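Q: As a plain string of letters, each chain reads:
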Amino acid sequence: MISLPGHGLRVALFATCFNDAMWPETPKAVVTVLERLGVTVEFPLQQTCCGQMFTNTGYAREALPLVERFADVFDDYDAVVAPSGSCVGSVRHQHAGVARGCGRTDLADRATTTAANVYELSELLVDVLGVTDVGATFPHRVTYHPTCHSMRMLRVADKPLQLLQNVRGIDLVDLPAAEECCGFGGTFAMKNADTSVAMGADKAHHVRETQAEVLVAGDNSCLAHIGGLLNRQRAGVRVMHLAEVLASTERDFAAENDLRAPTDTEVTA
Amino acid sequence: MSGTFLGMPKFQAAAPEALANSQQRRNLQHATHTIRDKRARVVEELDDWEELRQAGAAIKDNVLSHLDTYLVQLEESLTRAGATVHWASDADEANRIITSLVQETGTDEVVKVKSMATQEIGLNEALEETGIAAWETDLAELIVQLGHDKPSHILVPAIHRNRAEIREIFLSEMGQVGTPPPGDLSADPRDLAEAARVHLREKFLRAKVAVSGANFAVAETGTLVVVESEGNGRMCLTLPETLISVVGIEKVLPRLEDLEVFMQLLPRSSTGERMNPYTSTWTGITPGDGPQQVHVVLLDNGRTDALADSVGRQALRCIRCSACLNVCPVYERVGGHAYGSVYPGPIGAILNPQLRGTTSEVDQSLPYASSLCGACGDVCPVGIEIPELLVHLRTRVVDEQRGGMPSGEQIAMKGAAWMFSDHRRWEMAQKGTELGGRAMKKKDTIGRLPGPLSAWSDARDSPTPPTETFRSWWKREKGGQS
Numbered sequence: 001m002i003s004l005p006g007h008g009l010r011v012a013l014f015a016t017c018f019n020d021a022m023w024p025e026t027p028k029a030v031v032t033v034l035e036r037l038g039v040t041v042e043f044p045l046q047q048t049c050c051g052q053m054f055t056n057t058g059y060a061r062e063a064l065p066l067v068e069r070f071a072d073v074f075d076d077y078d079a080v081v082a083p084s085g086s087c088v089g090s091v092r093h094q095h096a097g098v099a100r101g102c103g104r105t106d107l108a109d110r111a112t113t114t115a116a117n118v119y120e121l122s123e124l125l126v127d128v129l130g131v132t133d134v135g136a137t138f139p140h141r142v143t144y145h146p147t148c149h150s151m152r153m154l155r156v157a158d159k160p161l162q163l164l165q166n167v168r169g170i171d172l173v174d175l176p177a178a179e180e181c182c183g184f185g186g187t188f189a190m191k192n193a194d195t196s197v198a199m200g201a202d203k204a205h206h207v208r209e210t211q212a213e214v215l216v217a218g219d220n221s222c223l224a225h226i227g228g229l230l231n232r233q234r235a236g237v238r239v240m241h242l243a244e245v246l247a248s249t250e251r252d253f254a255a256e257n258d259l260r261a262p263t264d265t266e267v268t269a
Numbered sequence: 001m002s003g004t005f006l007g008m009p010k011f012q013a014a015a016p017e018a019l020a021n022s023q024q025r026r027n028l029q030h031a032t033h034t035i036r037d038k039r040a041r042v043v044e045e046l047d048d049w050e051e052l053r054q055a056g057a058a059i060k061d062n063v064l065s066h067l068d069t070y071l072v073q074l075e076e077s078l079t080r081a082g083a084t085v086h087w088a089s090d091a092d093e094a095n096r097i098i099t100s101l102v103q104e105t106g107t108d109e110v111v112k113v114k115s116m117a118t119q120e121i122g123l124n125e126a127l128e129e130t131g132i133a134a135w136e137t138d139l140a141e142l143i144v145q146l147g148h149d150k151p152s153h154i155l156v157p158a159i160h161r162n163r164a165e166i167r168e169i170f171l172s173e174m175g176q177v178g179t180p181p182p183g184d185l186s187a188d189p190r191d192l193a194e195a196a197r198v199h200l201r202e203k204f205l206r207a208k209v210a211v212s213g214a215n216f217a218v219a220e221t222g223t224l225v226v227v228e229s230e231g232n233g234r235m236c237l238t239l240p241e242t243l244i245s246v247v248g249i250e251k252v253l254p255r256l257e258d259l260e261v262f263m264q265l266l267p268r269s270s271t272g273e274r275m276n277p278y279t280s281t282w283t284g285i286t287p288g289d290g291p292q293q294v295h296v297v298l299l300d301n302g303r304t305d306a307l308a309d310s311v312g313r314q315a316l317r318c319i320r321c322s323a324c325l326n327v328c329p330v331y332e333r334v335g336g337h338a339y340g341s342v343y344p345g346p347i348g349a350i351l352n353p354q355l356r357g358t359t360s361e362v363d364q365s366l367p368y369a370s371s372l373c374g375a376c377g378d379v380c381p382v383g384i385e386i387p388e389l390l391v392h393l394r395t396r397v398v399d400e401q402r403g404g405m406p407s408g409e410q411i412a413m414k415g416a417a418w419m420f421s422d423h424r425r426w427e428m429a430q431k432g433t434e435l436g437g438r439a440m441k442k443k444d445t446i447g448r449l450p451g452p453l454s455a456w457s458d459a460r461d462s463p464t465p466p467t468e469t470f471r472s473w474w475k476r477e478k479g480g481q482s
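If you're matching them up, the sequences are chains C and R in order.
When we follow UniProt numbering, the leftmost residue of the first sequence carries the number 1, and every step to the right adds one.
When we follow UniProt numbering, the leftmost residue of the second sequence carries the number 1, and every step to the right adds one.
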């Protein structure tokens, strides 16, 4: 029997509030990928939100109960995974500070301990499971946007790219000025909408330059912003979360294949 | 009469106008990308850049934790060297001191160099009120002054102007205040620089009084240091009979050898050069050589307020290199004027609300003038955690507004936090998105959204909510598993 890299590991999925409500296909894809690797995935139903929106808008007091809830729900797993560099960044770099700022040093210590086990998807796959080939197939022209919080708060470096490079059939092309912010920035997108859109327009322009069919990133909120602009331009570029690309297999493209005439090798096989 | 540009609307209101100025956006994009690429190349050359940054941060932190001791030492060293030290707690006091020092010399004009601190306190306007003309001698400052403009960058105050605009300004303005440029002035940088040189030379040779700032003030020796690129600073510091230096109290360094660290950090971070062209140091008075009257005005103007904030005080490490401006995507598009201060960009967004407090609209808006992308923190040569401080100051702004009539945002945030503080409430709210998703099943995206959400939807489509949330799917598919 082949031993799977994730065998025996009990991992809690933190879906994040936005993915849970707005992009359920992303956490579903995380479950698919991890189960394929032998991981036992659990979804603690008491989870809600990491509180980043509150923290980053200045509402630390409102974020405090969410920081406490996060520690309560997730402190008992081998690892916690979330399909969002931004939310993991908040857990790892803000939770303890929010607690301390509100005078809760006890909670700050607990939050620090819990955060040490929380991983963004590419970190869990590459660093914890030691996998770069997750057995995915995705026969499309793809470009990858490294979101700011993955890149600068978590320092995931090229882990997502390592995973994408091992996807079968993929045509991965470099995104010009990839490291520049797309302009989403949470409530920044509303409070400074004009500046946010000016930044996003440049990002959308670079995406179109690549002639990719699909723009991939590790944060659906950034993708919603860039995708919303591309869609308004009728650019014909889809946006997809990294997890969904990694979850795709040959079977997902079987229907597409059925539409064309079988090749000789397929007939003889 | 403070650093706030009078009549300047808050950042969010100023931004759209700046964004619409496509010439300025092109100038800014070209300039910031040129400097940021150059900086990245010369920083890459140093294997010990991280250690240098840490050393810079450590020296500054030591200064800030023992500021009282070092300032007293600086005063003693300066006095011993023949300089006269003045203390100014705010802009008005500093302006009063400087104005009366100039008046005592009997002159009605001063030449100025390297003086962000004097712009912070509005010195030129204060001098003007008493009939004293102040001539800016940094080339970019000269362009800004002649153009009746405001600086928009720490290092390149006229970054928002291009050559053609500068030529126009020189032709129409120089002759009114001194030596005019040649009538056939071209927009070639060499010709523009020569016109400025001739114009300024007359002022240098005539001026009896100079006003300068300082990049560093060494406590041990009483030495002031100015780092510059053009040599105009050296003219100001050596030719006049009287020199008045206005120095923020955070500029102090303990020892002369600390300069070793900053002389590597500063030029690479600011101009992308390995070494800057002119470094001038002066220690009090040298009989028969240089100014024979040297005054040093040590300026607080909100710095001790910033120091009192244990999280925010690291902003006082700032050595005014402007690396954070050059990598900031918000600054790149909006420019410096929208920040309403001589300190624009990410550092301005954290420094101004600390120096001036968060009572004005512009200072309340500045911590929000960032997407928190973190590029500024990564390039800061003294390791200021700018994104963290932006969030810290946002919290201060929000907390100061508590207790009054709640705003729409406060109500929405409190409501959302209440919903998220119990997963059953969150599940109830999710029923709403599922219903919405079913109602809009035939559409892929939503065009226009109502009310405040239109700030999103004016330029961006939104995805329609799904008909089933992840939580509902999990319960259905994996129910009971956890």
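If you're looking for bench data, these hints aren't it; they were derived computationally from the structure.
Check each hint, because a few of them may be wrong.
Below, a list of computed lysine to any residue pairs in the SDA-like style, where the Cα atoms sit at most 25 Å apart [unchecked claim]:
id : chain 1 : residue 1 : chain 2 : residue 2
1  : R       : 38        : R       : 383
2  : R       : 150       : R       : 79
3  : R       : 475       : C       : 38
4  : R       : 441       : C       : 252
5  : R       : 478       : C       : 191
6  : R       : 414       : C       : 252
7  : C       : 191       : R       : 198
8  : R       : 414       : C       : 38
9  : R       : 475       : C       : 36
Being a predicted model, the structure only gives us computed values, none of them experimental.
Q: Compare the structure with each hint and give your call.
A: Taking the hints in turn, this is what the structure says about them:
1. 38/R - 383/R: Answer holds: residue 38/R to residue 383/R is near 20 Å, not above 25 Å.
2. 150/R - 79/R: With a Cα-Cα distance of about 35 Å, the restraint between residue 150/R and residue 79/R is violated, given a limit of 25 Å.
3. 475/R - 38/C: Holds, at roughly 21 Å.
4. 441/R - 252/C: holds, 23 Å
5. 478/R - 191/C: Since the Cα atoms of residue 478/R and residue 191/C sit roughly 40 Å apart, the hinted pair is violated (cutoff 25 Å).
6. 414/R - 252/C: violated, 43 Å
7. 191/C - 198/R: Violated. Residue 191/C to residue 198/R sits at ~47 Å, over the 25 Å cutoff.
8. 414/R - 38/C: violated, 41 Å
9. 475/R - 36/C: At roughly 20 Å apart (the allowed maximum being 25 Å), residue 36/C and residue 475/R satisfy the hint.
Hint check: violations occur at hints 2, 5, 6, 7 and 8; the rest are consistent with the structure.
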